[in-house]
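Visitor: From just these sequences and the hints, can you work out the full model?
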Amino acid sequence: RKEVEQDPGPFNVPEGATVAFNCTYSNSASQSFFWYRQDCRKEPKLLMSVYSSGNEDGRFTAQLNRASQYISLLIRDSKLSDSATYLCVVNRGDKIIFGKGTRLHILP
Amino acid sequence: ETGVTQTPRHLVMGMTNKKSLKCEQHLGHNAMYWYKQSAKKPLELMFVYSLEERVENNSVPSRFSPECPNSSHLFLHLHTLQPEDSALYLCASSHEGGAAMGEQYFGPGTRLTVT
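Sequences listed follow chains U and D, in order.
Our numbering puts the first sequence at residues 1 to 108.
Our numbering puts the second sequence at residues 1 to 115.
Simulated from the structure, these hints should not be mistaken for laboratory data.
It is possible that part of the hints are untrue.
Said to hold, decoys possible - Now the stretches of chain D that chain U is said to cover, found in silico as 3 or more residues with beta-carbon under 8 Å:
id : stretch
1  : 39–47
2  : 100–106
Unchecked claim - When the alpha-carbon atoms are kept at most 30 Å apart in a straight line, the in silico BS3-like pairs for lysine-lysine are as follows:
id : chain 1 : residue 1 : chain 2 : residue 2
3  : U       : Lys2      : U       : Lys42
4  : D       : Lys19     : U       : Lys79
5  : U       : Lys2      : D       : Lys19
6  : D       : Lys36     : U       : Lys2
7  : D       : Lys36     : U       : Lys95
8  : U       : Lys100    : D       : Lys19
9  : D       : Lys40     : U       : Lys95
10 : D       : Lys40     : U       : Lys100
11 : D       : Lys40     : U       : Lys2
12 : D       : Lys19     : U       : Lys45
13 : U       : Lys2      : D       : Lys18
14 : D       : Lys22     : U       : Lys95
15 : D       : Lys40     : U       : Lys45
16 : U       : Lys79     : D       : Lys22
Glycine residues also receive a C-beta, built at the ideal position from the N, C-alpha and C atoms.
Guide: Written as structure tokens, this is what we have:
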């Protein structure tokens, strides 16, 4: 089993819809979790950290489920500019593991 | 944004050439990273420097040689590369240790083509 797994997509979603991604991790000792966004041919950029209590930043909500070992990202009222690849990142304490990413296409 | 800069942005080199990639961060971080990103593959961590000491080397071939002269600069020296080494090479920085390692700031990358 891979340490960090994501559905590669692509998710094709109409503008204005709500979309959610999950990411599962295998190491129960993982300490902290993050979502990054990567636009085509650009570098990854930190989108948000994922806190145990869940956190929200505008249209974006991140949640952590330690019992089931997954994190989620919810995007509400999606915009064309949300089209990107979303990378799940797990801090195992001794190293950082990046997922392969989920591609999201917002359709006009 | 000029937090993390990388030069050159594009590089084409032959298999017998020697070249170096440069990364500079202006964020006051004390950990720096080299990643390789190939098409349709996840980011592969190559090297980690923390407080200017190499703390991780993920079985990277010796034709890649990192150098971290101070906490703001990181180099990747390239020698006798193979065509399969063609990829986007990304530098990142963060505060060192603990949860801070997950909050990394990336440079724009060097797109390397080995002919």
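Visitor: Confirm or reject each hint.
Guide: Right, here's what the structure says about each hint:
1. 39–47: n = 4 at 8 Å, threshold three: holds.
2. 100–106: holds (count 6)
3. U:Lys2 to U:Lys42: 25 Å, holds
4. D:Lys19 to U:Lys79: 41 Å, violated
5. U:Lys2 to D:Lys19: Violated, at about 34 Å.
6. D:Lys36 to U:Lys2: 19 Å, holds
7. D:Lys36 to U:Lys95: 16 Å, holds
8. U:Lys100 to D:Lys19: 29 Å, holds
9. D:Lys40 to U:Lys95: 22 Å, holds
10. D:Lys40 to U:Lys100: 8 Å, holds
11. D:Lys40 to U:Lys2: At roughly 16 Å apart (the allowed maximum being 30 Å), Lys2 of chain U and Lys40 of chain D satisfy the hint.
12. D:Lys19 to U:Lys45: Holds. Lys19 of chain D to Lys45 of chain U sits at ~27 Å (cutoff 30 Å).
13. U:Lys2 to D:Lys18: The hint is violated at about 35 Å.
14. D:Lys22 to U:Lys95: 23 Å, holds
15. D:Lys40 to U:Lys45: 18 Å, holds
16. U:Lys79 to D:Lys22: 36 Å, violated
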